[in-house]
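Quick note on the working numbering: the sequence shown kicks off at 1 and runs consecutively.
No lab work stands behind these hints, which were simulated from the structure alone.
Check each hint, because a few of them may be wrong.
[What the hints assert, rightly or not] Straight-line Cα separation of at most 25 angstroms, BS3-like style, residue types lysine-lysine; simulated pairs:
#, residue 1, residue 2
1, LYS70, LYS142
2, LYS171, LYS137
3, LYS419, LYS450
4, LYS70, LYS171
5, LYS304, LYS255
6, LYS191, LYS153
7, LYS353, LYS137
8, LYS499, LYS489
9, LYS353, LYS304
10, LYS191, LYS171
11, LYS233, LYS304
12, LYS419, LYS489
13, LYS419, LYS503
14, LYS410, LYS450
15, LYS142, LYS450
16, LYS503, LYS450
17, LYS263, LYS304
18, LYS419, LYS353
19, LYS153, LYS142
20, LYS299, LYS233
21, LYS555, LYS512
22, LYS353, LYS171
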Amino acid sequence: MSGKQGGRHRRRIRAAVPVAGAVIAAAVAGAMLMAPANAAPPPPAPPASEPSFTAPSQAELAARLASAVKRAQQPPTADRFSSGGTIEPMVIGGTNTSIASAPWMAQLFYNDGPDSFFCGGAVVAPTKILTAAHCVKGVDWKAKGVVVTGSEKLGTGGTKSAVRRQWNHPKYSDYTLDNDIAVLTLAAPVKARPINITKSDDTTSYRPGTLATVYGWGRTTSTSNAVSQTLRKAELPLNSDATCANWQLGHQFVKGHMVCAGKPASGRDSGTKTACNGDSGGPLVVGGRIVGVVSWGIKDCVEKGAYSVYAKVSSYAGSVVPRVDDANLSGDHRSDVLARRSSGGTLYSYASKGTSLAARVSQGDYSGTNVILQSDLNRDGLEDLVVRTTSGELWWSHYVPSARQWANTKIASGWGSRKHVVVPGDVTGDALPDLLSVDSGGVLWIYPGKGNGTFSPRVKAGTGWNQFNSVRGNGDFNGDGKADLIARKASTSEMFLHKGTGKAGSGAFAAKVEVRTWRDYNAFDAAGDVTGDGRADFLARTPGGTMYLYPGTGKGSSEIFATRVKIGTGWQQYNIFG
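Throw the hints in and build the complete structure from the sequences for me.
Take a look at the structure:
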């Protein structure tokens, strides 16, 4: 990428580039089984909008891919420019590698005539692809995109997937390329093994000199627009912020949001290792986790003294994780609210409209239950329910797209004495949703999820949890990308935030932090990200039946919630929220 410091022309990589062709644990073993249709509570009706999405056929996806590959072979006459001028968001000096060594790599092809382009990406969950915002913003991946996984060959082989939804960081700038991170949601899960992202407290991975590996199908030489037909990788040392800021275009480096890697380019291919055009959106990996996303660099990539620049993933964990774990009934990035009537036992769903709720929709008779929670235990991007019956059985109710119906899988029996059951998301840091419970003795247990509705043996996380009369959690309350819990002390009505650490066992949660004293409420719900802003929210009901939404702020202090918003009255008719 060649850049002018004066009237610079910042060109994005999406420009066309040449492409050639006992109970759980001790008591849970053996408890997993499919149940007879009448052995579980009636499952809810299929989600209103998600299953109604009709994915393109494989033939159509193949046609999109073939067209994108063909179009991208043409000269880049329709380069997309931002409002400012010559930096190109963009493996020179690397080596070929196999998809077996990087099974999570993804190829993103966009078919739009002369504006066709491709980017790299990484599978971070069965239906989620992490990539760059400049590969996503302003185009319609659902209508014109195709994602290829499971192949090291560019544009051929592997699994072709449609895109169901797209998200890019709301503060992404076309001009500065700041906040250059995005997530695509696929129409169906892929078999490629996901890779986890690093979290907000990771400083070790970014120490200067740490070797990172970048992957991609981009240009392999500065003298030709030809890109690699085989997946390549290169090891690059990470640099300090000072080093990144001191090079020729350092004034465009945003400390904290970007990281640069590699030794200074030599001015020619020989002696240079760097990401280049065509690698955009691909991952920079340290220790088996993504620490960066290929964002930008200098035209032709080898200008003397230049570095390749990446979105710093640790700074965006709090934004990305909610988009990875955003399954909901209405499929719109906003969590919905579930409430069961105490009279008759009908379960209703309320689709979120941001700071208000749509009219309720009946989900069936749940009179035989006392816990109903929202989750996505198999990470297929579709809302699941975890339900406990009055007899103490715990069930996983999940939609099976191939069968176009819901299935009920028994998780465990004998859970009637559990004081609290919670499915807050990924507690242990492996990107898989976990199950938590507080037993009658006040012990908090973690059941690490396997990503398929089953769980590993339980791990003791703490004691004394019988002091709380409410333990809720669904997502990340303090913006660090880790699942948290909020618990209310029965004797004082104090509300405590238990920040997740991403570890299992006794270190799973940091010391509790008091965030509120709520004596005026008698029911709570952690439904997830109700407002759709990427932050976990909370709901609280008064004894008189007024429901309030407390939007999350992403802060881990007394400012954890913004000013409450009145949702409505009449909520005293419900005795279970999920």
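Hints versus structure:
1. LYS70 with LYS142: Cα-Cα ~20 angstroms, so holds.
2. LYS171 with LYS137: Holds - the C-alpha atoms of LYS137 and LYS171 are around 11 angstroms apart, at most 25 angstroms.
3. LYS419 with LYS450: 24 angstroms, holds
4. LYS70 with LYS171: Distance of about 33 angstroms is beyond 25 angstroms: violated.
5. LYS304 with LYS255: 22 angstroms, holds
6. LYS191 with LYS153: The given pair, whose Cα atoms are some 17 angstroms apart, holds under the 25 angstroms limit.
7. LYS353 with LYS137: 23 angstroms, holds
8. LYS499 with LYS489: The hint holds at about 16 angstroms.
9. LYS353 with LYS304: Violated, at roughly 52 angstroms.
10. LYS191 with LYS171: 32 angstroms, violated
11. LYS233 with LYS304: Holds - the C-alpha atoms of LYS304 and LYS233 are around 21 angstroms apart, at most 25 angstroms.
12. LYS419 with LYS489: 14 angstroms, holds
13. LYS419 with LYS503: Given that 25 angstroms is the threshold and the Cα spacing comes to 23 angstroms, the pair holds.
14. LYS410 with LYS450: 15 angstroms, holds
15. LYS142 with LYS450: Cα-Cα ~29 angstroms, so violated.
16. LYS503 with LYS450: Distance of about 15 angstroms is within 25 angstroms: holds.
17. LYS263 with LYS304: Distance ~10 angstroms between LYS263 and LYS304 Cα, so the pair holds.
18. LYS419 with LYS353: 32 angstroms, violated
19. LYS153 with LYS142: Given that 25 angstroms is the threshold and the Cα spacing comes to 23 angstroms, the pair holds.
20. LYS299 with LYS233: 20 angstroms, holds
21. LYS555 with LYS512: Holds: LYS555 and LYS512 sit about 14 angstroms apart, inside 25 angstroms.
22. LYS353 with LYS171: Holds. LYS353 to LYS171 sits at ~21 angstroms (cutoff 25 angstroms).
In this structure, the hints that do not hold are numbers 4, 9, 10, 15, 18, in rising order.
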